[in-house]
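A.B. asks: Residue numbers (this note's numbering), protein chains in the order written: chain L, 1 to 411; chain P, 412 to 700.
Check each hint, because a few of them may be wrong.
[Claimed, not checked] To list a few chain P residues with every Cβ distance to chain L over 10 Å, as calculated:
#1 Asp470
#2 Leu614
#3 Arg622
[Unchecked claim] Simulated coverage check for chain L against chain P, where a stretch passes if three residues somewhere in it have a Cβ under 8 Å from a Cβ of chain P:
#4 238-247
#5 284-296
#6 366-380
Derived from the structure by calculation, the hints contain no laboratory data.
Heads up, the beta-carbon is just placed ideally off N, CA and C, and yes, glycines get one too.
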Amino acid sequence: MMLVALATLSLLGADTLRVGTGETYTRIADAVRAAIPGQVVVVGAGRWREPTVTIDRPLTLLGRPGAILDGEGQRSLLIVTADDVTVAGLTFQHTGTSQVDERAAIRVRDAAGCRVHGNTIVDAQFAIYLETTRGCEVRDNVVRGPAARQMSAGNGIHAWKSERTVVTGNRVTGHRDGIYFEFVTGGRVARNTSEQSARYGMHFMFSNDCAYEGNTFQDNGNGVAVMYSQRVTMRGNTFARSQGSAAYGLLLKDINDSEITDNHFLANSVGLYLEDAGRNIVQGNTFRENGWALRSLASAQDNRYERNTFELNAFDVTTNSRQAVSTFRGNYWDRYRGYDLDRNGVGDVPHLPVRLFSLVVEQSPASALLLRSILVDLMDLAERAFPALTASDIRDDAPLLVRPSPSPRAP
Amino acid sequence: MRDASVAEPAAVHAQQATEPPRLPTPTRAIGRILRYVLADVMRNRWILGYALFFLVATDLLVRLGGTGPRALASLLNLVLALVPLVTVVFGTIYWHGAREFTELLLTQPVERSTLFHGLFAGLVVPLVGAFALGVSIPLIAHRALGADTMGTLGLLLLVGALLTAIFGALAVLIGGLVDDRLKGLGIALGAWLTCTVAFDGVLLWLAVSFRDYPIEGPLLALSFANPVDLARILMLLRLDLATMMGVTGAVFTRMLGSATGMAIALAAMAMWTLVPGWLALRTFRRRDF
Chain L
1 MMLVALATLS
11 LLGADTLRVG
21 TGETYTRIAD
31 AVRAAIPGQV
41 VVVGAGRWRE
51 PTVTIDRPLT
61 LLGRPGAILD
71 GEGQRSLLIV
81 TADDVTVAGL
91 TFQHTGTSQV
101 DERAAIRVRD
111 AAGCRVHGNT
121 IVDAQFAIYL
131 ETTRGCEVRD
141 NVVRGPAARQ
151 MSAGNGIHAW
161 KSERTVVTGN
171 RVTGHRDGIY
181 FEFVTGGRVA
191 RNTSEQSARY
201 GMHFMFSNDC
211 AYEGNTFQDN
221 GNGVAVMYSQ
231 RVTMRGNTFA
241 RSQGSAAYGL
251 LLKDINDSEI
261 TDNHFLANSV
271 GLYLEDAGRN
281 IVQGNTFREN
291 GWALRSLASA
301 QDNRYERNTF
311 ELNAFDVTTN
321 SRQAVSTFRG
331 NYWDRYRGYD
341 LDRNGVGDVP
351 HLPVRLFSLV
361 VEQSPASALL
371 LRSILVDLMD
381 LAERAFPALT
391 ASDIRDDAPL
401 LVRPSPSPRA
411 P
Chain P
412 MRDASVAEPA
422 AVHAQQATEP
432 PRLPTPTRAI
442 GRILRYVLAD
452 VMRNRWILGY
462 ALFFLVATDL
472 LVRLGGTGPR
482 ALASLLNLVL
492 ALVPLVTVVF
502 GTIYWHGARE
512 FTELLLTQPV
522 ERSTLFHGLF
532 AGLVVPLVGA
542 FALGVSIPLI
552 AHRALGADTM
562 GTLGLLLLVG
572 ALLTAIFGAL
582 AVLIGGLVDD
592 RLKGLGIALG
602 AWLTCTVAFD
612 GVLLWLAVSF
622 RDYPIEGPLL
632 ALSFANPVDL
642 ARILMLLRLD
652 LATMMGVTGA
662 VFTRMLGSAT
672 GMAIALAAMA
682 MWTLVPGWLA
692 LRTFRRRDF
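Bound-form chain L, shown alone (with noise of 0.2 Å):
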């Protein structure tokens, strides 16, 4: 905000460059081309048609309320290849699709310091790429993709090999990923909504040392995928309704040391799936209305689980493996059923997570058709009678009564 501001107060100064019908440019890139480096173009209200425009010096591009740059499903629309440039206010629309070229409403190459601020880019095949870039920052853009047409259409935001990305505040819709990180570190992604991306809300590749933080996902394809990375941090983010039969809301696959801290999954098929994860401390998360909240193969080994709280779920924890690779302490469970004598808030037997249906179904899938049935239930209580019938060495030696932090609502 501050930028735009700034950039406002600017438009009273000798530094402009106007574009608009009547003004001294009538074309984009015909004010660039005469920018000397710091100038401030502002585009007026309009549809501009015209070549894909290309910055190649550091400027600001501004545009004023009603500024369109329209592609007419032909074409890239701005490449940004010098350093310090920022783009905001502008809306951009109709790249079309490409099997040839990744067409981009705004691309930014081999540049430094680019700004991409509060710009609204709808039907474009990607919207924002980052090619080689270093501490960029994409903000408050709304994006709205061609929807759902996973093989033409491209991702919202995305990087590739860059350094620093920050992106926040963004609204992404309808896109193949919604956000798309590969080979970037140091990358900070907050605040973001991504929702209805054909495949995953946000997909995260060999991006080591990033943080993503009060981003919400939501009603994805397959949810989010965080791969080959060590030292991710994650918190405070909303995995919701990612819905299907390989639907995540949230995959960890070859994920270590990262940390995965005050999320909420909720109503997913499957909550948190881990595979080839280790030593990742999962805390205070909370796992409501999945279907499977939580997923471990026996590849994911020494993962902390503390302080989470798994409520209304089909099943809670399951694993393909007898033992028990990860340790579970401390956490909420509303299937326990333990007592606590001596009054400390944590329960006195052991808590037992891994259901013995959960492995039946694990088994034949189609078995899931009995959920709830009174067998069913008949099950959990021969489990609870006879512990030789338990299906995993899985337990919560310290289960707590009372839920650690306050429940969602209901998404």
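Guided by the hints, dock chain P onto chain L, whose structure is given.
C.D. replies: What follows is chain P alone, placed relative to chain L:
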């Protein structure tokens, strides 16, 4: 009640004095019989206890489990187990208890099918009423009904009403076929146990034994043979969509998730009322009292 039914023929005789004898229209006759039976059933402590039970159980669930669609999920297990049990047991006892009254009414110019429908309605209407009121009143009192909960409650009430009709029809069939009261009760309990537990045991066994085959379709088809499973699956698709979508290929949601699938399942439940009901009516017609 017996006094009332004795008074009735006097009125009929008075009419006969002035005009030729005429039978009351079936609907009016059913209504009249229903009125007598209702007056009798309402005085019955069973119905009151049944309504109170749902009242207290729902109230507790809302207090402890909070509001929202999932509060109704815990209620579902109660409905699936209790509605069939109470209906089939109470229905069998009721049909035997109504024996004398039935014989008395058969001496009157009343069609047998009319009498049957009146008696059947007298069994099902108070049970459905008690169940519906018992479940709805606490939810309304706690203001627990949002837009999404409303739909789920509607389906739950519909499913409960259908289960009452189905097991009422089964009870009437059992009552008509078996004269011995204890034996009838035994068969009723057996039918309940089969539908709620044993049948699911067979399904589970099939699902596990044939897990290497695409068993989903046959399993779903087979579950149509059990009204309790039908009721449960109808509710599952509403309450556990996330889970059911997660099952390989989302076969179940694809088959039943659509409006058509739901209509088919409801139609199957309606058939479950009609077929035993029709059989019971046939028995009732041919029976030599």
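A.B. asks: The structure should be examined with respect to each hint, and the outcome stated for every one.
C.D. replies: Do the hints match the structure? See the list:
Residue-level check passed: Asp470/P sits 20 Å from the nearest beta carbon of chain L, beyond 10 Å. Here Leu614/P does not stay apart from chain L, with its beta-carbon only about 6 Å from theirs, under the 10 Å limit. Against the 10 Å criterion, Arg622/P falls within the reach of chain L, whose nearest CB is about 4 Å from its own CB. By the rule of at least three residues with a Cβ nearer than 8 Å to a Cβ of chain P, the coverage given for the stretch 238-247 of chain L holds, with 5 such residues.
Look at the stretch 284-296 of chain L against chain P: 4 of its residues bring a Cβ nearer than 8 Å to a Cβ of that chain, three or more, so the hint holds. Only residues whose beta carbon comes within less than 8 Å of a beta carbon in chain P count, and the stretch 366-380 of chain L has 13; three or more means the coverage holds.
Checked against the numbered hints given earlier, this structure breaks hints 2 and 3; the rest are met.
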